[in-house]
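Guided by the hints, dock chain P onto chain U, whose structure is given.
Now for the letters of each chain:
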Amino acid sequence: MMKESENDREAVIVVSHLCKQFGDNVVLNDFNLEVFKGDNVVVLGKSGSGKSVLIKCIVGLIKPDSGSIHVLGEDISKLNEEELDKLRTKLGFLFQSNALYDSITIRDNLEFPLLRHHLVFTQDQIDSAVSEVLENVGLQYAVDMMPSELSGGMAKRIALARTLILKPEIIFYDEPTTGLDPVTAREIDVLILKMKKKYNTSSIIISHDMNCVRDTADKVVLLLDGKCYAQGTYTEFLESADIKVKQFFE
Amino acid sequence: MSIIKDNSQFFNETGNISRFTFRFFSTGLKPRFEFNEFLAQSYYIGYKSLPLVGLTGFIMGLVLTMQLRPSLLLYGVESQLPVMVGVAIVREIGPVITALIFAGKIGSSIGAELGSMKVTEQIDSMEVSGINPFKYLVSTRIVSTTLMLPILTILSDTISLFGAYIGVNINSVTSFNLFFTQIFQSLSFSDVLPAVIKTFFFGFAVGLVGCYKGFNSNKGTRGVGRAANSAVVLSSVLIFIIDLLAVQITGIMGLN
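Listed in order, the protein sequences are those of chains U and P.
Taking our numbering, the leading residue of the first sequence gets 1, the next gets one more, and so forth.
Taking our numbering, the leading residue of the second sequence gets 1001, the next gets one more, and so forth.
It cannot be assumed that every hint is accurate.
Straight-line C-alpha distance at most 27 Å; calculated DSS-like pairs for lysine-lysine [what the hints assert, rightly or not]: (1) P/K1005 / U/K90; (2) U/K219 / U/K167; (3) P/K1105 / U/K63; (4) P/K1030 / U/K78; (5) P/K1219 / U/K86; (6) U/K46 / U/K227.
Selected chain U positions facing chain P (Cβ under 8 Å, derived; list incomplete) [to be verified]: (7) D85; (8) R88; (9) T89; (10) L91; (11) F93; (12) F95; (13) R107; (14) L166; (15) K167.
No lab work stands behind these hints, which were simulated from the structure alone.
Backbone N, C-alpha and C define an ideal beta-carbon position, used for all residues, glycine too.
Next up, chain U with everything else stripped away, as it sits in the complex (with noise of 0.2 Å):
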C-alpha cells in the first residue's frame, strides 16, 4: 500500500495528471486527487463537468487519455482484464441508476457477486451474507421482492447493499441522493456514514446536493473545468470568499 503525504496516510487513490476528452469536448484536463484510507471525499461540480467520468475511470469503465491511476497500490493501466476484475473485487460502485439485475429477484442480485467470485460454498452462507446487508439497509423483508416493485428510496438502498455484500474497501457512490425526496435523501446520507464506520471503508461521493456534501464528506474537491479547482472541508469551503466556490452554496 502506498504511503503519501498528509502525515503519512495510506493512500488508496492517487490521480495524476488525468486527462480525458470526448472529441472536441475536454472533460478532465490534468486532474489530480488523492483519498486518504477512512476518508469519504465528495466531489462537486456541474453538471457535465466530468465527475462520473472521474470515477468511471478510476475504476476502469473509461480509458483516460493520459495520466495514472493507482488504486489500493495498483496502478490500474498496467492491470490485465483478469487482475482487473480481482482488484475490483475490492471495490464498491453504487450507480446513480442504480443498476439492478431488473429480471431477477432482490435475492439473486445480492446472491450474484457473492456465486460469481465463489466467496460463499452453503447455502447458510449466502443466506446469513444477505441478511446481514439487507439488515444494515433496514429492508430484510424486501428479499423476494423483484426491483420494479421498489420505490426510488428502497431500490437505492437494495443498491447499497449489493455494493456492500462483497465487502468492498472503496466505495464509489454516483449522485446517491439525486432524484430522492429531502427525508429519503438524508437517510441515505445516514448509510454511507454508517457503513463507513462498520466497515471502515474510504468512498468518493460525487454530488451537488450540498446537504448531502455537508452530512457525509471529510473532505471536497471542487471540478471545474477539468482540473481540481479546489479542496478543502466543508466548513472551509463553506468559509470561502472565491465567488466560483460560494455559487454552489447560494
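Showing chain P alone in chain U's frame:
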C-alpha cells in the same frame, strides 16, 4: 460526402465485429466457463424455441408439397414428389428457414436484452463488481445459439417431412413407409452433413450479431430498439451469405 461517411461506417462496423469475434475466441472461451448460465440460455434458446420452429417447419413441409404437386403433375413425375420435397427440405429450405425464424426470435431477444442491460448500466455494474460480462453474457449466449440451432434444424426438418407426408396424402394416398423410404433412398451422407454443418455457422452468426448489437447499444430506448432490429437484419443477411459460401465450398468439394 455521404457515400464516404457510409463507407467509413461500414468499415468501422466490420472492424468492430471482427474485434468482437476475436475477443470471443481469445478470452470468451477461457476458463472459468459459466456453465450454469449456458444451460439456462440453452433452455431458453433451444427448448423454448421448439414450438415456433416446429410449427413453421410443419407448415413449410405442407405448403411446399402442395405447391410442387401441380408442376410435377404437369410433367407426369408426381411420384417423385417425396424425393424433391425431401432433398429440398434437408439440404436447403429447412436449415435456412429455421435459421431465419431463429434469428427473428433469438437474435432480436438477445439484442434487446443486452441492449437494455447496457443502457441501464447493468453491464457496467457487473463489470465493476469484478464479473466479466463478456464471459457471463456473451460467451454463454454465442455457444448456446451455435449448439442449439443445429438441433432445432434437425427437429424442424423431421417435422417438415411429416408435414410433407400429410401434404402428399391430401390429394392421393401414399403409405408412410413408401414416402419415407423414397426420401431416405434419395438422400446421401453428402446431403445431410453439409446442411447440418452450416447450421452451426448460422447459429454462431445469430448469437454473435445479437450479442454485438446489444453489448454496444447506446442512445437510450431508441438504441435498444435499433439493437434488436439490426441484430435481426444483419444476422439474416449473414445467414444468406454463409449459405452462399457453403454451397460454393460443397461444390468445390464435389458434394453437391
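Exercise. Hint check: is the beta carbon of U/T89 less than 8 Å from a beta carbon of chain P?
Worked result: holds, 4 Å
Problem set entry | Given hint U/K227 paired with U/K46 - CA-CA distance at most 27 Å | With a Cα-Cα distance of about 12 Å, the restraint between U/K46 and U/K227 holds, given a limit of 27 Å.
For this session: Quickly compare the C-alpha distance for P/K1219 and U/K86 to 27 Å and report which way the hint goes.
Result: violated, 30 Å
Exercise. Against chain P, is U/R88 within 8 Å by beta-carbon distance?
Worked result: holds, 4 Å
For this session: Take the C-alpha atoms of P/K1030 and U/K78, compute the straight-line distance between them, and say whether it is at most 27 Å.
Result: holds, 21 Å
Exercise. Within a Cα-Cα threshold of 27 Å, do U/K219 and U/K167 meet the stated pairing?
Worked result: holds, 23 Å
Problem set entry | Residue hint U/K167, partner chain P, criterion CB-CB below 8 Å | violated, 12 Å
Problem set entry | Per-residue hint verdict: U/L91, partner chain P, C-beta under 8 Å | holds, 7 Å
Exercise. With 8 Å as the cut and Cβ atoms as the points, is U/R107 at the interface with chain P?
Worked result: At 16 Å from the nearest chain P Cβ, U/R107 fails the 8 Å test, so the hint is violated.
Exercise. Once the shortest beta carbon distance from U/F93 to chain P is found, is it less than 8 Å?
Worked result: Where the cut-off is 8 Å and the nearest Cβ of chain P is about 4 Å from U/F93, the hint holds.
Problem set entry | Interface hint compliance - U/F95 to chain P, C-beta minimum distance less than 8 Å | holds, 5 Å
Exercise. Given U/L166 as an interface hint, is the shortest Cβ-Cβ distance to chain P below 8 Å?
Worked result: holds, 7 Å
Violated hints, listed in ascending order, are 1, 3, 5, 13 and 15; each of the other numbered hints is respected by the structure.
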